[in-house]
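Chains A and B, in that order, are what the protein sequence lines are. Reminder that position 44 of the first sequence reads as 43 in numbering that gives the first Met the number 0, one-by-one numbering, no gaps. Reminder that position 25 of the second sequence reads as 24 in numbering that gives the first Met the number 0, one-by-one numbering, no gaps.
Heads up, some of the hints might be wrong.
Stated by the list, open to error - Per label pair, the in silico range of CB-to-CB distance: (1) B:N293 - A:V19: 24 to 30 Å; (2) A:V349 - B:F103: 57 to 63 Å; (3) B:I165 - A:C33: 47 to 53 Å; (4) A:R127 - B:I92: 53 to 59 Å.
Since the hints were made in silico from the structure, they are not lab data. No experiment lies behind these values; they were computed from the predicted model shown. Every residue gets a Cβ at the ideal spot worked out from N, C-alpha and C, and that includes glycine.
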Amino acid sequence: MYRVEARYFDGQSSRPQAIVVFTDERFDELRLQCADGDSFFWNVDDLIFEQYEDCLELRNKQFSGALLQIKDEHFSKSFLEAMKFKNKFDVHRRILNIGFPKIVGLAVGMLALIVAAYFWLLPPIAERFVAVVPQSADIALGNMFMNTFLNENRIDSTRTAYLEQFAAQIDFKNTIPLHFTVVESGQINAFALPNGQIVVYTGLLDRLQHSSELAALLAHEAAHVNYRHSMKMLFRNLAGYLLISLLLTDVSGIMAVLADNAHRLHNLSYSRKFEREADEQGLKILMNNHIDPNGMVQLFVLLENISRVTIPQIISTHPLTAERKENMQKIIKKSEYSLFQNDYLDSLFVRMQQAAN
Amino acid sequence: METTNTPNTTQVQNHHFQFLGKGSEYFAILIVNWLLTLVTLGFYHPWARAKQLRYTFGHTALNSERFSFSGTGKEMFRGFIKVILFYIIVFVIFYLLWIKVNIFIGILFFYLALLSIVPLAIHGSFRYRMSRTSYRGIRFGYRGDKKWLIKNYIKWTLLTIITLGIYGSWMNMNIRRYTHKNVRYGDVEFNNDCHGSDWFLINFLGLLLTLLTLGIYSFWWEKNRFDYYIDRMSMQKGEQKIWCKSTVTGLGFLKLRVVNFFIIVFTLGFGTAWAAMRSERYIWSNIKMAGNINLDEIHQTEEEYTNTFGDGAAEFFDIDLT
Chain A
0 MYRVEARYFD
10 GQSSRPQAIV
20 VFTDERFDEL
30 RLQCADGDSF
40 FWNVDDLIFE
50 QYEDCLELRN
60 KQFSGALLQI
70 KDEHFSKSFL
80 EAMKFKNKFD
90 VHRRILNIGF
100 PKIVGLAVGM
110 LALIVAAYFW
120 LLPPIAERFV
130 AVVPQSADIA
140 LGNMFMNTFL
150 NENRIDSTRT
160 AYLEQFAAQI
170 DFKNTIPLHF
180 TVVESGQINA
190 FALPNGQIVV
200 YTGLLDRLQH
210 SSELAALLAH
220 EAAHVNYRHS
230 MKMLFRNLAG
240 YLLISLLLTD
250 VSGIMAVLAD
260 NAHRLHNLSY
270 SRKFEREADE
280 QGLKILMNNH
290 IDPNGMVQLF
300 VLLENISRVT
310 IPQIISTHPL
320 TAERKENMQK
330 IIKKSEYSLF
340 QNDYLDSLFV
350 RMQQAAN
Chain B
0 METTNTPNTT
10 QVQNHHFQFL
20 GKGSEYFAIL
30 IVNWLLTLVT
40 LGFYHPWARA
50 KQLRYTFGHT
60 ALNSERFSFS
70 GTGKEMFRGF
80 IKVILFYIIV
90 FVIFYLLWIK
100 VNIFIGILFF
110 YLALLSIVPL
120 AIHGSFRYRM
130 SRTSYRGIRF
140 GYRGDKKWLI
150 KNYIKWTLLT
160 IITLGIYGSW
170 MNMNIRRYTH
180 KNVRYGDVEF
190 NNDCHGSDWF
200 LINFLGLLLT
210 LLTLGIYSFW
220 WEKNRFDYYI
230 DRMSMQKGEQ
240 KIWCKSTVTG
250 LGFLKLRVVN
260 FFIIVFTLGF
270 GTAWAAMRSE
280 RYIWSNIKMA
290 GNINLDEIHQ
300 TEEEYTNTFG
310 DGAAEFFDID
320 LT
């Protein structure tokens, strides 16, 4: 049997009353006895309770506003234990009740789980997902980007025509039609869009010395299209952002991310794995077309030299390019291939380079 | 001299606020919120917010008596669903107008609907928050008129656009004056005697000096804004009155913001809970009230209220209502 003194606000006036609360060990019902001797009952099922440092506050769903404050440590403790036993704790309170260190442990564990999922679970899932997305989506996305891209950039139509002819000589084993465009820009760059549009900047084109280097470049980009790398990266990024925004419990940023990614389609950086795949598949395309696979190696030598010129000395040794070059050399050494002297291809390359203004 | 002490003329009393929240407790609440939100793929969010509000309200005290927030996650979830429904309805009507009448009428309707959701959110949020807040068993309440606010909000927005944003100060103060004037605590009425011209001057000078001092003045600007908010607030019950006074300082804000910044940065964001508690503690300890309303003699006047549209909407649009 419990008997505690408490402060009571009746929900009608802000003046507190002194009251005595009676209850038994089961806490099924509280009897509240006023100073004048009158008493009334609060049922445990109607109670809303909050434990503060110095007092236990009880409210009653039936008497809105009414508030009971009990400052009795022993009573509070037994009351809360009874409530826990009666399953009156919600999930939040139950977790909170396991204690601070355990909560932090739980959170850290959860965080580790998510980080693990981000690195090991997300990429394969994103790729699986892309497999069920129809290729028409790739084409629509690429077209959308290409329209705005063409409005902002000047096309070199003469060299585009040569490039198209040049590419027509090569079998890229492509699943969707490929289109080739030369864009006037000093940037040393080339990219492939998911709709099969391959763009080469004059800045890069001007530096190519041999037709096999151009063939290697196109083969590499075509491999990105064939293996739908853009789409895979897009979904992977998107899933990543989704996870992060879930982590930060902010869901509104996802649409912005989608827009942002579509906008930067040509700057989409592929993962190492995808670059490697495009290198190897590009090499295969070269060999199948009896084009000198060393064009790919030369292309990397060129890229290596460029980065050595444009990037300060300290960070000039670009390990990635060197690594990719070595990988190519290793595969070429192991492979058997035959070369065809394709004079037409060479002459197209020479005429295209001469067409530069 | 003779002193008469009738119940009607209570002597002037000072009232003080206190914030009793602790960073570690708040952190535990946030962490559990985060865990549950994560596990439920975000659906726990309204419940998480209820927990957060309950903690901060429950640890704010006036004259050592705690406030209390009785809102629940279920109510806020319902509010969120209502906002979604509102959107669907707006889009359906827009679509029908576009197809059946013409696109311009459709767009006009769409913009009017979007414009009216903000005052609806302000109204709803005030109604909901106030009705769920109580102190010594007496509820707060909000008695503003929804239609009046929507009508005037649209008018003020147009005026703001026409004046290239200058009227915005007047608009802000009009909203503050109207909403505060309609807040009740039992039979106590709130008031905020704020004016657009003052607000414009505070912000104009604040911006100018902040730019001139390369940002340093921003803390004093914040102080002036806070002062204006608090000092113009008063409460009235019949003849009796309570005035509010802010005692924040520019230096105080500077210390608060700079230290909070370092707490958050050096803990990689985990210290946010502690930073939030520091802010609350600083703000509340610098609001003073004095007057002759007897806080023992307040009577319940506000009806129970059950609509939750506004709180969901306000959150949806991230409107800062404090």
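Outcome of the hint check:
At about 26 Å, the beta-carbon gap between B:N293 and A:V19 stays in the expected band of 24 to 30 Å. Checked against the given bound of 57 to 63 Å, the beta carbons of A:V349 and B:F103, roughly 59 Å apart, stay inside it. Checked against the given bound of 47 to 53 Å, the beta carbons of B:I165 and A:C33, roughly 60 Å apart, lie outside it. Distance hint for A:R127 and B:I92: a CB-CB separation of about 40 Å, inconsistent with the stated range 53 to 59 Å.
When the structure is compared with the earlier hints, violations turn up for hints 3 and 4 and for no others.
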